[in-house]
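Required output: the full structure, derived from the provided sequences and hints.
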Amino acid sequence: MIVLDDVTAVRGDFVLEPVALAVPAGAQLALLGASGAGKTTLLEAVAGLLPARGRVCIGGRDVSREPPERRGVGLVTQDALLFPHLDVAANVGFGLPRAARAPAVEAAARLTGCTHLLARRTPALSGGERRRVALARAVARRPAALLLDEPLAGLETPVRRDIAADLRTLAGRLGAALIHVTHDLEAALATADLLGVLDAGRLIQLGPPAEVCQHPVSPAVAALVGTENVIAGEIRAEGAAGAPPFPARLRAGRIELRGLATREGPGHAALRAEDVTLAPARTASSAQNQLTGVVTDLAPSGPLVRVGLDVLGVRLVALVTRESAAALGLAPGITVYAHVKAAAVHFL
Amino acid sequence: MLSRLVLIGPAAAVVLLLATPVAGLVARAAGVGGLPAALGDPAVRGAFALTVACATAATLVGALLGVPTGYLLARHDFPAKRWIEGLIELPVVIPHPVAGIAILLVCGRATPLGAVLARRGLAVVGTPLGIVTVMLFVGLPFVVTSAREGFALIDPRLEAMARTLGVGPLGAAVRVALPVAARPIAAGAVLMWARAVSEFGAIAIVSYNPQVASVLVYDRFTSYGLAGALPPAALLVGLALAVLVALRGLARPAVAR
Chain A
1 MIVLDDVTAV RGDFVLEPVA LAVPAGAQLA LLGASGAGKT TLLEAVAGLL
51 PARGRVCIGG RDVSREPPER RGVGLVTQDA LLFPHLDVAA NVGFGLPRAA
101 RAPAVEAAAR LTGCTHLLAR RTPALSGGER RRVALARAVA RRPAALLLDE
151 PLAGLETPVR RDIAADLRTL AGRLGAALIH VTHDLEAALA TADLLGVLDA
201 GRLIQLGPPA EVCQHPVSPA VAALVGTENV IAGEIRAEGA AGAPPFPARL
251 RAGRIELRGL ATREGPGHAA LRAEDVTLAP ARTASSAQNQ LTGVVTDLAP
301 SGPLVRVGLD VLGVRLVALV TRESAAALGL APGITVYAHV KAAAVHFL
Chain B
349 MLSRLVLIGP AAAVVLLLAT PVAGLVARAA GVGGLPAALG DPAVRGAFAL
399 TVACATAATL VGALLGVPTG YLLARHDFPA KRWIEGLIEL PVVIPHPVAG
449 IAILLVCGRA TPLGAVLARR GLAVVGTPLG IVTVMLFVGL PFVVTSAREG
499 FALIDPRLEA MARTLGVGPL GAAVRVALPV AARPIAAGAV LMWARAVSEF
549 GAIAIVSYNP QVASVLVYDR FTSYGLAGAL PPAALLVGLA LAVLVALRGL
599 ARPAVAR
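As you go down the protein sequences, you meet chains A and B in turn.
Under the working numbering, think of the first position of the first sequence as 1, with each following residue one higher.
Under the working numbering, think of the first position of the second sequence as 349, with each following residue one higher.
None of these hints come from the bench; they were simulated from the model.
Backbone N, C-alpha and C fix where the C-beta goes; we use that ideal spot for every residue, glycine too.
Some hints could be false.
To be verified - Computed beta-carbon distance windows for the label pairs:
no., chain 1, residue 1, chain 2, residue 2, range
1, A, A119, B, R505, 19 to 29 Å
2, B, G519, A, R121, 17 to 27 Å
3, B, A500, A, A34, 24 to 34 Å
4, A, R110, B, A428, 46 to 56 Å
5, B, G516, A, D6, 45 to 55 Å
Stated by the list, open to error - Below, computed lysine to any residue pairings styled on SDA-like, alpha-carbon distance capped at 25 Å:
no., chain 1, residue 1, chain 2, residue 2
6, A, K341, A, E323
7, A, K341, A, P280
8, B, K429, A, G12
9, A, K341, A, I255
10, A, K341, A, S218
11, B, K429, A, R11
Structure (structure tokens):
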């Protein structure tokens, strides 16, 4: 288990604000944040590689004053940082007592799917292989905490999927608490039991991934968890404001959006692109938000198409299948009707 | 093809520039004869043995002192660091006799330190210890600078990674940084050894006797002229070349298990 109590750290001009969180053994926390949000700083503070204040407990032990070698952490970085003068087996066995080395290396290689690489030299490895070897090296000592810094970044899609699949079960198989930092929502959601969002050195939201994605607490979180429509405006209760959440409307320019709010005043409406449905004509719908927009742009994204709309001067993005886009005859300049359920509109 | 020719031209000029005088010396030495006699000459053999032994000892001590110093300079900033780096490189630019005089002023028999050392059987003037001291003085910059540059090229996060794997800071430096920087360090040590073998001016001042090879060649030249100096000079060139080629081979990187 990893427990952080108001852990802070400073690197140059950057300050990591107090972070408090707990990751149970066998669970994975994905920490999402843009570049410079403090993700690596936090991991290094946990690993003891950066001076930090606050309390760091790993495996039930307060290691706040311990050097990195006595913290019981395994660390994997984006560039793997394999020791170039050692072959794969020696990398995986680095730091292990001689007597325990061979079986531990074998077990770690099996756990991470790199048994076939053990005799190889490190410069000859591909990016994905390097990441697997780094993972094997990190787990060989059976650490109580596993810290992964962008472990899937820069990998080709099939390799990335393979490693993500292994990561999904790794914490459970290892019995370790795992923190995985990334700027990539897909990578975070692929493995996480808990999702945290770091922004400018602050942990601004922490919770189950579905909760964080559906109910971001700020426009910054909304943007990071892939909510493409964040519309600024004025929130007003419909009727008398009751106990939150209460039905409310957000006025942005000439449009109004209905949803549930916890407060009135200036704010934002966050709605995911996949929650916006398009129709060629105004139709009967249970959706409380029905908006008329003009298609401004179309961007294919795999089997889907991202449709940009101008709704009375407000930009709205919808995500539809290629088939739907073709059936609707979507093209720039076409007028469509966008429907959004009030339950899908989250006021911030 | 054109780019290769552009490179080959200067390289050929370098080889010619360096090889021609050496080849001329060896050819002339073979012409005057005396190489077999020089090989059997106890004074020549003694001087060569002393040169190799002193250069090797100085290089080992230089590596023991210079590699940690290079690591310190590569990894840490501290007050007066630039001055210390300048001081370390100073022996490269000061004339060799000046280096000899400086050592003599500190370790000469008439100096307090020299007197103390002499009483303890560690006299510097006119002894192999003095030769090693001179070689260390003139050669240390090469090993310190090479080590510093070698360590500076290594990502410090490699050592940080080693520490998360249960190894302390010293262990991380010795088990990760040192082997990764082995090639530039070895290159620096080879240069130091070569510099030690070639040293004449400072050694002649601090320890003319017992004679190292360079002093012996000079001594033969002043006593017997060119014919006396050429055979040991040619042998010295041959020895230096053979050792340098062998050490360059040893300095190639290897991957360990």
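Against the structure, the hints come out as follows:
no.: 1; hint: A:A119 with B:R505: 19 to 29 Å; verdict: holds (26 Å)
no.: 2; hint: B:G519 with A:R121: 17 to 27 Å; verdict: holds (23 Å)
no.: 3; hint: B:A500 with A:A34: 24 to 34 Å; verdict: holds (31 Å)
no.: 4; hint: A:R110 with B:A428: 46 to 56 Å; verdict: holds (53 Å)
no.: 5; hint: B:G516 with A:D6: 45 to 55 Å; verdict: violated (28 Å)
no.: 6; hint: A:K341 with A:E323; verdict: holds (22 Å)
no.: 7; hint: A:K341 with A:P280; verdict: holds (18 Å)
no.: 8; hint: B:K429 with A:G12; verdict: holds (21 Å)
no.: 9; hint: A:K341 with A:I255; verdict: holds (15 Å)
no.: 10; hint: A:K341 with A:S218; verdict: holds (20 Å)
no.: 11; hint: B:K429 with A:R11; verdict: holds (23 Å)
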